[in-house]
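As a plain string of letters, each chain reads:
There are 2 protein chains.
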Amino acid sequence: MGPIDWQVTARDGEARTGILTTRRSVIETPVFMPVGTQGTVKGVRFEWLEDEHDARIILGNTYHLFLRPGPDVIRQLGGLHKFSTWSRSFLTDSGGFQVFSLTDLRKLSEDGVEFRSHIDGDLKFLSPEVSMDIQAALGSEIVMVFDECLPGDVGRDETRRSMELTARWAKRSKERFVDLQNDGGDTGYKLSGDDISGAQALFGIVQGAGHIDIRIESLSRTVEIGFDGYALGGLSVGEEKQVMYEVLERIAPQMPTDAPRYLMGVGTPEDLLEAVSHGIDMFDCVLPTRNGRTGHAFTSRGGLNIRNSRFRTDTAALDPDCICSVCSRYSRAYLAHLYRAGEMLAATLISHHNLFFFLDTMRRVRQSITLGTFAEFKREYLENLKQNGQSAAL
Amino acid sequence: MGPIDWQVTARDGEARTGILTTRRSVIETPVFMPVGTQGTVKGVRFEWLEDEHDARIILGNTYHLFLRPGPDVIRQLGGLHKFSTWSRSFLTDSGGFQVFSLTDLRKLSEDGVEFRSHIDGDLKFLSPEVSMDIQAALGSEIVMVFDECLPGDVGRDETRRSMELTARWAKRSKERFVDLQNDGGDTGYKLSGDDISGAQALFGIVQGAGHIDIRIESLSRTVEIGFDGYALGGLSVGEEKQVMYEVLERIAPQMPTDAPRYLMGVGTPEDLLEAVSHGIDMFDCVLPTRNGRTGHAFTSRGGLNIRNSRFRTDTAALDPDCICSVCSRYSRAYLAHLYRAGEMLAATLISHHNLFFFLDTMRRVRQSITLGTFAEFKREYLENLKQNGQSAAL
Chain A
427 MGPIDWQVTA RDGEARTGIL TTRRSVIETP VFMPVGTQGT VKGVRFEWLE DEHDARIILG
487 NTYHLFLRPG PDVIRQLGGL HKFSTWSRSF LTDSGGFQVF SLTDLRKLSE DGVEFRSHID
547 GDLKFLSPEV SMDIQAALGS EIVMVFDECL PGDVGRDETR RSMELTARWA KRSKERFVDL
607 QNDGGDTGYK LSGDDISGAQ ALFGIVQGAG HIDIRIESLS RTVEIGFDGY ALGGLSVGEE
667 KQVMYEVLER IAPQMPTDAP RYLMGVGTPE DLLEAVSHGI DMFDCVLPTR NGRTGHAFTS
727 RGGLNIRNSR FRTDTAALDP DCICSVCSRY SRAYLAHLYR AGEMLAATLI SHHNLFFFLD
787 TMRRVRQSIT LGTFAEFKRE YLENLKQNGQ SAAL
Chain B
427 MGPIDWQVTA RDGEARTGIL TTRRSVIETP VFMPVGTQGT VKGVRFEWLE DEHDARIILG
487 NTYHLFLRPG PDVIRQLGGL HKFSTWSRSF LTDSGGFQVF SLTDLRKLSE DGVEFRSHID
547 GDLKFLSPEV SMDIQAALGS EIVMVFDECL PGDVGRDETR RSMELTARWA KRSKERFVDL
607 QNDGGDTGYK LSGDDISGAQ ALFGIVQGAG HIDIRIESLS RTVEIGFDGY ALGGLSVGEE
667 KQVMYEVLER IAPQMPTDAP RYLMGVGTPE DLLEAVSHGI DMFDCVLPTR NGRTGHAFTS
727 RGGLNIRNSR FRTDTAALDP DCICSVCSRY SRAYLAHLYR AGEMLAATLI SHHNLFFFLD
787 TMRRVRQSIT LGTFAEFKRE YLENLKQNGQ SAAL
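Protein chains in written order, with the working numbering: chain A, 427 to 820; chain B, 427 to 820.
The set of hints was computed from the structure by calculation and includes no laboratory data. Treat each hint with caution, since some may be false.
Over the 10 angstroms line for every Cβ pair with chain B, so calculated as not near, a few chain A residues [unchecked claim]:
id, residue
1, Glu473
2, Arg494
3, Leu503
4, Ser535
5, Val604
6, Leu764
7, Glu769
What follows is a set of in silico ranges between Cβ atoms, one per label pair, in the way DEER data are often shown [what the hints assert, rightly or not]:
id, chain 1, residue 1, chain 2, residue 2, range
8, B, Asn734, A, Val452, 49 to 59 angstroms
9, A, Gly624, B, Arg755, 18 to 28 angstroms
10, A, Ile445, B, Asp620, 33 to 43 angstroms
11, B, Arg755, A, Gly768, 49 to 59 angstroms
12, A, Thr720, B, Thr435, 48 to 58 angstroms
13, B, Asp477, A, Ser543, 36 to 46 angstroms
14, B, Asn734, A, Asp480, 34 to 44 angstroms
15, B, Asp621, A, Lys812, 18 to 28 angstroms
16, B, Gly619, A, Arg733, 35 to 45 angstroms
Ideal placement from N, C-alpha and C gives every residue a C-beta, glycine not left out.
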């Protein structure tokens with residue numbers, strides 16, 4: 427009896443649908459997880475995510491919550507679920523990605539990483555053990571191992587060195603994780619049925635940049651340690667799109683078939699479909715909300731930017747084919763006005779639609795896999811995205 | 427058959443409840459109207475205002491909508507209701523207050539006011555006629571005459587000169603307004619029952635600063651012209667609180683009893699209760715949303731500022747006595763975190779609560795008037811406000 431249950435329900439080529447059960451929710455995969463960096467999905471109230479988007483799992487960022495409000499405050503308040511009131515599942519990342527990309531990095535050692543907070547410049551330390559401690563305080567359903575994240579353009583030697591460090595850190599992550607589960611460190615513990623243990627799940631991360639052989643070795647060493655699920659990290663970090671697609675094609679099908687596969691931090695609608703076709707089950711990305719805040723909408727006909735002056739008198743919905751509460755009610759002209767007028771509701775409403783579009787895309791993906799028509803769906807979906815004459819990602 | 431119907435339903439001293447029926451909604455008074463400056467109530471989706479706050483009328487600002495997106499765009503798109511999707515009532519101000527307070531004022535003449543837009547510095551012109559034209563393009567249910575608004579501290583001579591100009595402008599406003607109604611200029615025209623004409627209503631504005639005799643003359647000249655309702659303008663504009671309270675006490679009861687009385691731009695919960703006690707029926711104020719954006723919450727026990735460090739681990743609701751969706755779910759600790767983390771949902775959620783608090787206060791006011799216990803209610807309400815040791819207005 428493990429912390430999660432994972433059952434494949436249909437296959438279509440390498441693509442697959444499944445049911446992922448955690449102690450707090452039942453998640454149909456492939457799934458897109460909205461990013462709730464600081465314990466909130468930017469601009470969109472949980473009430474909407476529950477009632478309209480029907481999101482079953484969202485992401486929380488260990489790095490941000492470590493710095494503010496801090497694991498002590500969250501532990502004191504009963505964990506991230508109780509603190510934030512999100513009662514469905516959380517997946518928390520390890521903090522590694524942000525440490526290596528956002529901060530003034532001070533010192534990388536075998537032990538961990540010393541860095542300065544991007545908020546106040548305070549010296550902080552993250553390591554496999556510290557990351558597990560924080561994620562136990564958060565009490566997320568799915569914990570990620572602490573890994574080193576490299577930029578997309580490093581060479582073989584550096585990639586190998588980093589992959590090996592990541593492998594050692596994965597082992598240390600698991601050891602500390604197990605101790606924390608045994609010692610009652612997890613604030614989210616919850617008995618919820620015969621098949622679920624009530625503890626946290628831990629996912630391993632495969633690194634190796636664009637070097638297929640290093641990726642394969644990383645995968646093998648990660649599987650050897652043994653995790654509840656497996657992630658591909660270090661993609662969509664500046665490398666050529668073709669590099670990511672090759673890694674997906676070569677590595678994803680070799681990942682364990684009986685555990686969920688998670689492609690971290692990806693991506694555009696095009697990327698999601700490509701990854702699903704190689705057997706990926708889980709995704710997260712800031713694009714729907716980050717782009718929403720700058721007026722970029724994702725639609726079934728491709729991207730559009732509400733700042734474009736042609737929308738000032740356009741009475742159509744952001745996406746005429748979308749049934750979300752924003753597209754059902756508000757016009758592009760009104761949203762264009764809100765954006766120009768500096769009203770925060772512009773960001774709220776466009777982010778709301780974008781998230782709906784991503785989750786609806788995954789609903790349609792799952793349906794097509796179930797029907798055995800995924801390839802056809804993918805072709806039509808990508809064809810439709812070209813209508814606006816620009817990429818959906820913009 | 428007029429554009430609005432107005433019936434008093436109960437009296438308690440000078441205080442009164444009533445039913446104000448417009449072509450688009452039935453409004454129980456005394457009523458607090460949320461401010462929707464740019465065709466949106468800042469940070470709070472219409473869906474909440476309809477379903478939870480049950481707001482029946484909101485305010486739109488002619489000045490802001492004049493500058494952006496402009497009356498031509500709104501007319502082309504069918505008026506403010508269609509443009510914004512708010513299908514209940516709008517009251518629009520005349521633009522006068524903003525022109526005299528926000529802008530680089532260029533030239534005041536008998537004809538009107540030349541000023542520079544605060545957005546792009548463009549030279550613009552507002553007059554009684556232009557204001558009526560814009561408000562007809564907006565298609566609001568209640569139109570306000572164009573008046574001159576003075577700061578709170580001007581002398582008698584200047585106040586008299588200004589009041590006389592306002593009286594002449596009121597006459598011109600009405601003339602243009604009548605022409606616009608006859609010529610089909612109103613985009614919001616709507617037949618909605620036997621007792622309502624479907625046209626816009628026009629309210630006059632009583633000026634005169636703190637000079638009671640000039641106020642009385644202004645009232646008499648305004649009533650002589652004849653309007654569907656009467657407003658007190660030029661209060662809460664920097665004068666001593668006692669000045670406003672004296673004007674309310676001396677002037678409000680002399681305003682026509684068979685038409686709604688509107689106190690413009692006021693105010694704190696204390697001010698609302700004081701004004702109701704002198705027979706005021708309608709209010710608007712930016713305090714709930716403006717304070718919400720800076721972390722100030724209005725509660726039944728007085729004001730609090732979520733930035734205060736003592737709230738970082740406070741698991742209580744913003745207002746433990748409030749039943750709104752924010753207080754029912756989120757803790758002060760979580761809201762404090764959102765605010766410190768710079769999350770826009772902090773503003774959204776606190777604004778939402780503040781508006782609920784104001785509208786709920788007015789529900790309780792109406793109930794107490796109906797029961798004949800308004801004086802008692804007012805005493806207890808004001809007593810409770812002192813519990814946090816600071817004014818609810820902060």
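TODO: Evaluate the condition: distance from the CB of Leu764 of chain A to the nearest CB of chain B exceeds 10 angstroms.
DONE: About 6 angstroms separates Leu764 of chain A from the closest Cβ of chain B, which leaves it inside 10 angstroms; violated.
TODO: May I ask you to check that Glu769 of chain A keeps its beta-carbon over 10 angstroms from the closest beta-carbon of chain B?
DONE: 5 angstroms, violated
TODO: Grab the minimum beta-carbon distance between Ser535 of chain A and chain B and tell me whether it stays above 10 angstroms.
DONE: Nearest chain B Cβ is 30 angstroms from Ser535 of chain A, so the label holds.
- [ ] Starting from the hint 35 to 45 angstroms, judge whether the C-beta atoms of Gly619 of chain B and Arg733 of chain A obey it.
- [x] The hint (35 to 45 angstroms, Cβ to Cβ) holds, given that Gly619 of chain B and Arg733 of chain A are roughly 42 angstroms apart.
Open item on the list: Range first: 49 to 59 angstroms. Now tell me if the beta carbons of Arg755 of chain B and Gly768 of chain A are that far apart.
Closed with: With Cβ atoms ~28 angstroms apart, the hint is violated.
TODO: Starting from the range 36 to 46 angstroms, see whether the pair Asp477 of chain B and Ser543 of chain A falls in it by beta-carbon distance.
DONE: Between Asp477 of chain B and Ser543 of chain A, where Cβ atoms are some 41 angstroms apart, the hint holds.
- [ ] With 10 angstroms as the threshold, tell me whether Glu473 of chain A passes as away from chain B on beta-carbon distances.
- [x] 7 angstroms, violated
- [ ] Determine whether the Cβ-Cβ distance between Asn734 of chain B and Val452 of chain A falls within the hinted range of 49 to 59 angstroms.
- [x] 40 angstroms, violated
TODO: Please test the hint of 34 to 44 angstroms on the beta carbon pair from Asn734 of chain B and Asp480 of chain A.
DONE: 37 angstroms, holds
TODO: Taking the shortest Cβ-to-Cβ distance between Val604 of chain A and chain B, state whether it exceeds 10 angstroms.
DONE: 30 angstroms, holds
Task: Verdict for Ile445 of chain A, Asp620 of chain B (Cβ pair) under range 33 to 43 angstroms - done: 58 angstroms, violated
Open item on the list: If I claimed the Cβ atoms of Thr720 of chain A and Thr435 of chain B lie 48 to 58 angstroms apart, would that claim hold in this structure?
Closed with: Given a distance of about 50 angstroms, which is inside 48 to 58 angstroms, the answer is holds.
Violation of the numbered hints given earlier is confined to hints 1, 2, 3, 6, 7, 8, 10, 11, 15; the remaining hints are satisfied by the structure.
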